[in-house]
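Fit chain B to the known structure of chain A by using the hints.
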Amino acid sequence: MAENHPVAFQWVMEAREKGAQVIHVDPRFTRTSAVANIWTPVRAGSDILLLGALVNYVLTTESDFREYIVHYTNAPVILREDFKDTEDLDGIFSGWDPEKKAYDPQTWIYEGVHSNIGDVPGSDKGPDGGHATHGVNAATDLNDYHVDPTLQHSRCVYQVLRRHYVRYTPEMVEKYCGVSKDAFLHLAKAYCEASGPDKTGAICYAVGWTQHSSGVQIIRTAAILQLLLGNIGRPGGGVMALRGHASIQGSTDIPTLFDILPGYLNMPKLGPASASLDKYIEVNKPETGWWNNFDKYIVSLLKAYYGDAATPQNEFGFHWLPRITGDHSHQGYLLEMMDGKMEGLFVMGQNPAVAGPNSGIERRALGKLKWLVVREMVESETAAFWYDSPEVHRGELLPEEIGTEVFLMPAAGHAEKEGTFTNTERLLQWREKAVDPPDDVRSENWFIYHLSRRLKEKAARDARSRNSGLRALTMDYPLEGKHQEPNAEAILQEINGWTVADRKLVSGFPALKADGSTACGCWIYSGVFPNPGENRANQRAPKDSYAHGWGFAWPSDRRIIYNRASARPDGKPWSERKKLVWWDDADKKWTGLDVPDFTATKAPDYKPPKGAKGDAALAGDKPFILHADGMGWIWVPVGLADGPLPAHYEPFESPVRNPMYPRTQSNPVALKKEREGTEYAASPDERFPFVLTTYRITEHHTAGGMSRTLSHLAELQPELFCEISVELAAKLGIQPGEWVTVATPRGEIEAHALVTPRIQALSIGGKIVHQVGLPFHWGYSGLVKGDIANDLVAISEEPNVRIMEAKGLLCNVKRGRRSPDDKIKDMRDSRMENRA
Amino acid sequence: MSLTAFLTDTTLCIGCKACEVACKEWNEVPDDGMIWSGLSYDNTKSLGSSTWRHVMFLEQPLAAGPQAVDTKDPFRWLFLSDVCKHCANAGCLEACPTGSIVRTEFGSVFVQPDVCNGCGYCVVSCPFGVVDKRPDDGRAFKCTFCYDRQRAGLVPACAKACPTESIRFGKLDELRERARNRVGELRHRGFKDANIYDPTESSVGGVHAFFVILGQPEAYNFPPAPEVPTIHLKSAWTSALVSAIILFAAVCAAFAFSAVR
Numbered sequence: 001m002a003e004n005h006p007v008a009f010q011w012v013m014e015a016r017e018k019g020a021q022v023i024h025v026d027p028r029f030t031r032t033s034a035v036a037n038i039w040t041p042v043r044a045g046s047d048i049l050l051l052g053a054l055v056n057y058v059l060t061t062e063s064d065f066r067e068y069i070v071h072y073t074n075a076p077v078i079l080r081e082d083f084k085d086t087e088d089l090d091g092i093f094s095g096w097d098p099e100k101k102a103y104d105p106q107t108w109i110y111e112g113v114h115s116n117i118g119d120v121p122g123s124d125k126g127p128d129g130g131h132a133t134h135g136v137n138a139a140t141d142l143n144d145y146h147v148d149p150t151l152q153h154s155r156c157v158y159q160v161l162r163r164h165y166v167r168y169t170p171e172m173v174e175k176y177c178g179v180s181k182d183a184f185l186h187l188a189k190a191y192c193e194a195s196g197p198d199k200t201g202a203i204c205y206a207v208g209w210t211q212h213s214s215g216v217q218i219i220r221t222a223a224i225l226q227l228l229l230g231n232i233g234r235p236g237g238g239v240m241a242l243r244g245h246a247s248i249q250g251s252t253d254i255p256t257l258f259d260i261l262p263g264y265l266n267m268p269k270l271g272p273a274s275a276s277l278d279k280y281i282e283v284n285k286p287e288t289g290w291w292n293n294f295d296k297y298i299v300s301l302l303k304a305y306y307g308d309a310a311t312p313q314n315e316f317g318f319h320w321l322p323r324i325t326g327d328h329s330h331q332g333y334l335l336e337m338m339d340g341k342m343e344g345l346f347v348m349g350q351n352p353a354v355a356g357p358n359s360g361i362e363r364r365a366l367g368k369l370k371w372l373v374v375r376e377m378v379e380s381e382t383a384a385f386w387y388d389s390p391e392v393h394r395g396e397l398l399p400e401e402i403g404t405e406v407f408l409m410p411a412a413g414h415a416e417k418e419g420t421f422t423n424t425e426r427l428l429q430w431r432e433k434a435v436d437p438p439d440d441v442r443s444e445n446w447f448i449y450h451l452s453r454r455l456k457e458k459a460a461r462d463a464r465s466r467n468s469g470l471r472a473l474t475m476d477y478p479l480e481g482k483h484q485e486p487n488a489e490a491i492l493q494e495i496n497g498w499t500v501a502d503r504k505l506v507s508g509f510p511a512l513k514a515d516g517s518t519a520c521g522c523w524i525y526s527g528v529f530p531n532p533g534e535n536r537a538n539q540r541a542p543k544d545s546y547a548h549g550w551g552f553a554w555p556s557d558r559r560i561i562y563n564r565a566s567a568r569p570d571g572k573p574w575s576e577r578k579k580l581v582w583w584d585d586a587d588k589k590w591t592g593l594d595v596p597d598f599t600a601t602k603a604p605d606y607k608p609p610k611g612a613k614g615d616a617a618l619a620g621d622k623p624f625i626l627h628a629d630g631m632g633w634i635w636v637p638v639g640l641a642d643g644p645l646p647a648h649y650e651p652f653e654s655p656v657r658n659p660m661y662p663r664t665q666s667n668p669v670a671l672k673k674e675r676e677g678t679e680y681a682a683s684p685d686e687r688f689p690f691v692l693t694t695y696r697i698t699e700h701h702t703a704g705g706m707s708r709t710l711s712h713l714a715e716l717q718p719e720l721f722c723e724i725s726v727e728l729a730a731k732l733g734i735q736p737g738e739w740v741t742v743a744t745p746r747g748e749i750e751a752h753a754l755v756t757p758r759i760q761a762l763s764i765g766g767k768i769v770h771q772v773g774l775p776f777h778w779g780y781s782g783l784v785k786g787d788i789a790n791d792l793v794a795i796s797e798e799p800n801v802r803i804m805e806a807k808g809l810l811c812n813v814k815r816g817r818r819s820p821d822d823k824i825k826d827m828r829d830s831r832m833e834n835r836a
Numbered sequence: 001m002s003l004t005a006f007l008t009d010t011t012l013c014i015g016c017k018a019c020e021v022a023c024k025e026w027n028e029v030p031d032d033g034m035i036w037s038g039l040s041y042d043n044t045k046s047l048g049s050s051t052w053r054h055v056m057f058l059e060q061p062l063a064a065g066p067q068a069v070d071t072k073d074p075f076r077w078l079f080l081s082d083v084c085k086h087c088a089n090a091g092c093l094e095a096c097p098t099g100s101i102v103r104t105e106f107g108s109v110f111v112q113p114d115v116c117n118g119c120g121y122c123v124v125s126c127p128f129g130v131v132d133k134r135p136d137d138g139r140a141f142k143c144t145f146c147y148d149r150q151r152a153g154l155v156p157a158c159a160k161a162c163p164t165e166s167i168r169f170g171k172l173d174e175l176r177e178r179a180r181n182r183v184g185e186l187r188h189r190g191f192k193d194a195n196i197y198d199p200t201e202s203s204v205g206g207v208h209a210f211f212v213i214l215g216q217p218e219a220y221n222f223p224p225a226p227e228v229p230t231i232h233l234k235s236a237w238t239s240a241l242v243s244a245i246i247l248f249a250a251v252c253a254a255f256a257f258s259a260v261r
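Chains A and B are the protein sequences, given in the same order. Heads up: the first sequence is residues 1 to 836, going by our numbering. Heads up: the second sequence is residues 1 to 261, going by our numbering.
Treat the hints loosely; a few may be bogus.
To be verified - Computed list of lysine-lysine pairs in DSSO-like fashion (alpha-carbon distance at most 27 Å, straight line):
1) A:K543 / B:K133
2) B:K192 / A:K18
3) A:K814 / B:K72
4) A:K731 / B:K72
Everything labelled a hint here was simulated from the structure, so no lab data went into it.
This is chain A alone, in the form it adopts within the complex (with noise of 0.2 Å):
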């Protein structure tokens, strides 16, 4: 976190220097480490067994926080008899086929409850996983189950998770995580210590968690185990995802993601669960919790896209929806890019020919592209894959024979247009323009605009049906200055909403209705413009110890999400420290120091009557509100592709075979996507015995375009390097400093050996594992260059989110640097002579 997130850390700091504990657990020993109180190394790939070791833990010593469970997790409710775990069939779940390669989820689901799973016709049967799971093939009566408040039922989810994790013992942490027993039992010790009714801890990951084929299952665990201490919806509690830049968090909320819409709508697919706006709502409207306003959200949405376009008749224009045809993320797009199946593509603050993974293959799939816009600040490398990169030294790529026209176009920095970033804590603060953008330099909003204006003046002239959704689009933001620039705050007001027939804005989300009567961009954000002039993004006086007064957190404000959890069942807070939000008995409402995250009149001890539907079905002592049953998901019964508790399975490629489950190697739902080009290692693979890890520094910005061009920043980290041990070092002959060669199957880079005993061999299962750590930063534009360590990554994805797997590989070191670009041209040139 001090790495990455330096400015966040201060408060990390000023935790620790109040007297917190910092826990830092990373393969290598970084700057968080230098200032934690507790660092023990970790073997890349191996948190969830790590985690799962945790939350044995606290089952073995009863650590856990039981009046919160009982009453706002899941721990007590009854599973289905024909339920079988990962114990039970040897790494697997009930539900699998292994033909699909897939999961039936009907065993996941609580006992007792209906499900309508695969009733849809056309629906996929399985679970889809995905940005958006909430409302995904919601069983219709979620809310019905039976519980065991004793917790002694053999088939409840604590007993459940007990067996599930009872051989994740601190051996097999010391033997397979490298982690020694007595720094594992320390660190669990001083981390079940802050909970109960005065304490709490938080957790904090970044893509280091994220970039596994298990990736989504490792934040799981962390859920689980902050659900276990009764870590969440209190002060100093969370999973905290620390985001890779800035307004990621905001990206996601208003995406850039292939599979949903503003405030978590899941994106139409092709078939007939999207056949028609009602069949739609219907799939992805649970009968219960808040989502059952999801008509109202998605409507609204419409009428803010579409306008007067989208009525009742034409079902809100849902059909100009473009729907899912497949797999449009970034690595499935990537492929069919490489096919030949993409026409063009925009970049924009991105830069794939760095960034993505295996990124030989984006810069060769570039080049079938007939045409490719960059926005950039800079001529990144993506800009310059034609005539710059590896592959056109090496003869691999010729300039004249790419028929891609490229299209840089320069893009204004963040001080010169204005806008809102939303920040990992759901706060958006909006951000002043400092200057005015030189020459073409332009915004994202002028940008987006301007080309939608042309598009739309181009649909009008042409009447075919395929045009209908763009001419009905609405884009009548008021223009200013000489470049008509669109209003970045009438773009706020629309994404916060407004009721049609007057314009008047809403003043929250709770004022959207389903027909047709309002509109909103974005339902989770509604509330951030409530009134004219009162732009809640750009607040600057913060009045009390959570800043309300400081920008707006989504959803209304609400700084700790969940908070219903900060007070006991009875409404009461646990303790006076950690009191956040409260039952207020005289005025018969919720109030506290936060906004409340929950209807504010529903009493504690409110029991929903038989039937009641929506966020009613809920009893007053469920707080997560977003959950068809109110419940903080121990186990998770619909959503998840790769199985309702997080089990421990190798990354595809690594030294050892899986000793939880040794017939099932690796995550069974996640995708390998092999093909020429991008092999993989085999696991152990002699040929590759080292683990990699790749990672960001404090120095650079992801794939350098805004750090490796500034002197200031450049001069910092000017080269790449490669983080090896001493150890290591030692047995291959490498000198501090010298040239080293990294290879997997995917291709080789070179880097200077940095020689640190910040990085441990570990022994793991009897033998000595070495890391290797390789930040991701360099490539071949900007002021300092490097070979592109992202070459060496393939192109994996996770089952859930579709995310490759970077931060888990193996790889071989050698001393000496590769073959250079040009000998590697000859050498071919030669090759080619000869078979000529």
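Only chain B this time, still in chain A's reference frame:
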């Protein structure tokens, strides 16, 4: 104007180098070369004409107080942002023949670039090795203590940018007291080798930039007993005078001797 100072605390530093970058941005200092050093994460290597704040990275086989690390041998990684000490008796200022180096109302030592003639006397006179001549320019440069910002009532750029308040800027006396309290607190927390680096006893007569460190000053390239070269002036002149007298006497004696012959 009251005297101001920096207190830089290694136990709060996270090695982010924001101070280095903020300093260069504000003061329009050029880069210091794009050369990878291989010295931990340090590639600017030392203070110099184009690096006025410098973050050191020390990898040591010692424990960082009560920190628990799961390694075979003890290990700690320390960061410290070094800067010009702005000595009360500044060697550079005393050596400067042009009057380019002056003392400001804040007690800091300031090089006026428009007066500097590049003689380099200050470079060899600095007991900390801070002042340095820029090769392509010839003049001497070092930390200005953000004189311009201080004049405008602003905190120096490095202290402003520091996210963890490892660099504190404030009144000299208050920061001295804060440093003492901090070391006491750190020792109480188990950092037994916490120390203040603030050479008040030596001939530099106290500094305007002092440090909370772990271990001994030598590890940070801090001279344990820095001396202003001018303290040797008296003895140097004395011995020169004595030599001159002896020489004069010898010459006179030689003439007298030859006259007698």
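Status of each hint after checking the structure:
no.	hint	result
1	A:K543 / B:K133	violated, 50 Å
2	B:K192 / A:K18	holds, 19 Å
3	A:K814 / B:K72	holds, 26 Å
4	A:K731 / B:K72	holds, 18 Å
Checked against the numbered hints given earlier, the structure breaks only hint 1 and satisfies all the rest.
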